[in-house]
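*Asks:* Here are the chains, one letter per residue:
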Amino acid sequence: MKRVTLTGLVGSAAVVCMSGSALAQDKTVVTVWDQFFSDAPNALMDSFVAEFEAAHPGVNIERNVLDTDAIRATLPTALASGSGPDLFYYDAGPAFLGPLVDAGLVADLSDEYETLGWDELLVDWAVERVTFNDRIWGVPNEIEYTNVYFNKNLLDDLGLGNLIVSAAGNENLLTLNSMDDFATILTAAKDSGLVPVSFGNRDPGRGGHLFSYFLTLTAGKDFVDNILFGDGTWDAPEVVAAWELYKQYNDEGFYTPSANAISYDEGNALFFNNRAGTNITGTWLVADVMDQVADPESIDFLLLPSVNDDLPLSAAAGIGSTFAISESSDNKDIALEFLDFIMSKEAGQRWLEDASIVPPIADLNSQDFDLSPMMQRVVMGASLPLSYNLDVVMPSEWNDAMKSGTQSLLDGSSTAQDVAKAQQTAWETAKSEGRIWKAK
Amino acid sequence: MIERKQLNILLLHVLLTFFALATLFPILIIGLMAFKTNNEIFAAPLRPPDVWRFSQIADAWVQGNFKTYYLNSIMVSVPTVLIVVSCSTLAAYGLVFARLKGSRIMLGLFLLGLIMPLQAVVIPLFHLQVALGLLNTHFGLVLAQAAVGMPFGVFLMRSFMSGLPREIIEAARIDGATDVEILRRVVLPISTAPAMTLATLQFMYSWNDFLLPLMLLQDPEMRTVTLGLFYLQGGTYTLNYTMISAGVLITSAPIMVVFFALQRQFIAGATIGAVK
Amino acid sequence: MQSKTYSSSKAFDEGRRKKALALIGRYALFLGPALLVYLPFLLYPLVQTFVLSFHEWNGVSEAKLFVGLDNFRRAFDDDIFRISITNNGIWVVASIALPMFFGLILAVMLSKVQTGQRVYTGVFFAPVVINLIVVGLVWGLIYNPLVGPLGQFFRAIGYPQLAQGWLGNTSTATPAIVLAGNWTFFGFCTVIFLQGLRTVNPEQIEAAMMDGAGAVQRFRYVTVPALSNQVTLLVVISVIGSFKVFDIVYVMTKGGPSHASEVIATYMYWQSFENGRQGYGAALAVLLTLLVAGASIALVSLRERQN
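Residue numbers (the working numbering), protein chains in the order written: chain W, 1 to 440; chain Y, 1001 to 1276; chain P, 2001 to 2307.
Hints in this document: simulated from the structure, not taken from any laboratory.
These numbers were taken from a predicted model, which means no experiment stands behind them.
Don't take every hint at face value.
As the list claims (entries may be wrong) - Take a look, some chain P residues computed to stay more than 10 Å from chain W by CB distance:
{"id": "1", "residue": "Arg2016"}
{"id": "2", "residue": "Val2067"}
{"id": "3", "residue": "Asp2070"}
{"id": "4", "residue": "Asp2077"}
{"id": "5", "residue": "Tyr2143"}
{"id": "6", "residue": "Pro2149"}
{"id": "7", "residue": "Gln2152"}
{"id": "8", "residue": "Gly2158"}
{"id": "9", "residue": "Asn2182"}
{"id": "10", "residue": "Asn2201"}
{"id": "11", "residue": "Ala2213"}
{"id": "12", "residue": "Ser2228"}
{"id": "13", "residue": "Ile2240"}
Unchecked claim - Cut-off 30 Å, straight-line C-alpha distance, at most; resulting in silico cross-link-like pairs (DSS-like, lysine-lysine):
{"id": "14", "chain 1": "W", "residue 1": "Lys421", "chain 2": "W", "residue 2": "Lys247"}
{"id": "15", "chain 1": "P", "residue 1": "Lys2254", "chain 2": "W", "residue 2": "Lys247"}
{"id": "16", "chain 1": "W", "residue 1": "Lys421", "chain 2": "W", "residue 2": "Lys431"}
{"id": "17", "chain 1": "P", "residue 1": "Lys2018", "chain 2": "Y", "residue 2": "Lys1101"}
{"id": "18", "chain 1": "P", "residue 1": "Lys2254", "chain 2": "W", "residue 2": "Lys431"}
Here a beta-carbon is modelled for each residue, glycine too, at the ideal position from N, C-alpha and C.
Take these sequences, add in the hints, and give me the full structure.
*Replies:* As structure tokens, this is what we get:
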């Protein structure tokens, strides 16, 4: 009697838990795991899916929207065990897509790039980010780069609005004549009781963006290329100089006090609420600026000038993530067709207009699109000779050395030399273990 | 003399009330935040809100998807409690009364589960659930939580049964009763109190569990209340003190109500296992 | 006679077989259900962790590379592992000292009041029940340099330099989390001590009073020795809990800044799931298990020797 009851209990528990899973399907089901959890991109993906399904009556696309932490925790094991999705949207780079490629879990798309014309359609440097060992493994999306938002009204109040100038050769982009001008602005902001740079570094990846940006300004892309693909090292003086700049801003009191205890959102909120003069972050924030600032007209962004006159106007850039297809998928053709659909020039316009996402599609006539002036500027900047936003192209231990550095430099528990050295050590380890990005 | 004693008592009450308020202070201050706007919190964190915005709790309930999370938590914790209580009652009877050879070894086996840190098994557990197709299912989480709760359940029920007079059992056996009958007619009726204690405690554990849901449930629609609350705090690029504090209220208020209603059970549960 | 012996021995065999079958049946009936859940979902993974700790594995590659004791050797050279162990040590010491001290004081006070004892106990015990994610979020807001009441307080009393981000500083992050953790434990100590105080023999206290012992001496020589069992118990619980601590650290700082508040459990989690070194993570898990097991056995045998 007792035994029967027990079995019944366990059994019914099982039924309760599993109900609603497996239902019979006649259609071909293509599973997609993506990270478009913000409202606008999420809605756009939904309409892409609906349209594609309407055009392909036999196909059913099932999206599973995960946030970044969740997909990083699940996707590798799911793919390795054969229970993964057909198509996924995942971070590129040696810490994320790299191991999946090495384990043979990702479909090689090099031939499809030619047959589908993606090699012509997509921006080269973005494609390079999903290239490992001379083969192409994904379709990148979301071109992003670092920038500096500023509050025009606050700057005018300080009488420094005139320091902002048009970039030489690209009058649609704003910049400064020198980094000294930037320091002048920050000092004035500080003296007037504002937070000069709203900076939340509780998630230290944010400080990593600053470092990538500063390294772009002090050393440039070629220097980084020489480390990534040549024999350059991370403990070089240029790297130390970038860290010194990062630390100097801290010592001068330019950052939010206790930045390590402040989240990225809180840092942004300081800026959105007119309590900070500038915000050094990236173009991914444009949509939120338009949404959350009471007077979006008062906000604009500029690109910092290089420290060295030989270096071009640039910024640290990366792709948000990349679409990739599971090697063991039975539905590669449909997945490819879907990718082709959402990466067309028509779709590109919608990525921009509806989701404020810059797709890596070359020669979009974006000036004809219905975009905010700031979004127009973002598109303009995307064609500059951009450098690397390092976290997405570097192995995890190197990233850890960088992130730890951004935090320990703020409370003085390490020096610029320490951090650069730790980066080099991590780099050598990763290199010796083959855990680095080798595009060629 | 009596007056002095009364004065002492009064002083004790003053001190105890002070400590009680200090204990509740963190919760109260966050409770306050739930009714303020983000701007109010930003401008003056400690001041009461100009207007009490009860609608914010409702908004957080909807935006935070708490209805789904509550249902999920129930779908997980109820079966877990049933499995742990029933299985560990059976096992405890087996270890104490069923004349099983090697029962000391079995006990040691369960003891291992009691001292082992959960973090030591999460990686293989994760891969196991993937292999069995249990990842992202509530059933998988139920099995994992039940496995984690089992050693404690067995110990609690065993220590209770060890305290029962053996004569009753032997008498029933001499009367020709089988083990199943003894369990059902003799042991179960007097085991309801420890079983309830175990159920309360297991429910609390399952409801509050963080690591296993974090590992095993990636689909946002599957999240439990605790996990849902954790994910409230980031990832959207928006500042959400109000949401977080409303979420804190939403998740803790029910458990506080249950706690104060069943206080004796909770406290007995949390301490009895430890004392034995 | 002989045939009788033969038949009885046959009956004996038959009986033994029946008995053995019955034993297996009882095993299956009583221990079966518990083991069916416990063995595959807890013990088997533990064995696998042990095996994995001798390998290097990134979690996706097909091959796991056998590396012998390398992972363990690596741990002893690992600065962050050293920080983690030290922090676990801080947790142990602080969780024994602070909550037990306050718990004892509150229990003594509670034992002297009749009215409201239940309400006070409930309030002190409430933080024990609250889930650690809530605790982490609540205390995270308390410590928040922008909006937290602690910063407000320091600014109000004229020490604005103390209104800093306690969780964002490498030297204060761990103490700040430990304090929040202790908040969830002192009520438990209070209840345990209160139960212990009920067993203190009033006659002993009266005898001590007759001998002219003051309140402090009575407390020192009568009450405290009577509570030795409770003290041992709470020490055991604090030590085990302090080694296993994970949730609250993960929610408040994820082990940061710069790994300064890392404990073994969070560091193991980080190595396994964010740094892609699941073999090393498994080795850390094994070390953690050994530490907890060792500490538990030592403390329990100490307790038994006491009794």
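*Asks:* Each hint: holds or not?
*Replies:* Hints, one by one, checked against the model:
1. Arg2016: holds (25 Å)
2. Val2067: P:Val2067 clear of chain W: closest Cβ-Cβ about 12 Å, beyond 10 Å.
3. Asp2070: holds (13 Å)
4. Asp2077: Fine: 13 Å to the nearest Cβ keeps P:Asp2077 off the interface.
5. Tyr2143: The assertion about P:Tyr2143 is violated, with a minimum of 7 Å to chain W.
6. Pro2149: Since the minimum Cβ distance to chain W is about 15 Å, P:Pro2149 lies beyond 10 Å and the statement holds.
7. Gln2152: At about 14 Å from chain W, P:Gln2152 clears the 10 Å cut-off, so the statement holds.
8. Gly2158: holds (17 Å)
9. Asn2182: holds (20 Å)
10. Asn2201: Holds: least Cβ distance 44 Å, greater than 10 Å.
11. Ala2213: holds (50 Å)
12. Ser2228: holds (42 Å)
13. Ile2240: holds (27 Å)
14. W:Lys421 to W:Lys247: holds (16 Å)
15. P:Lys2254 to W:Lys247: Measuring from Cα to Cα gives roughly 23 Å; hence the hint holds.
16. W:Lys421 to W:Lys431: holds (15 Å)
17. P:Lys2018 to Y:Lys1101: holds (15 Å)
18. P:Lys2254 to W:Lys431: holds (27 Å)
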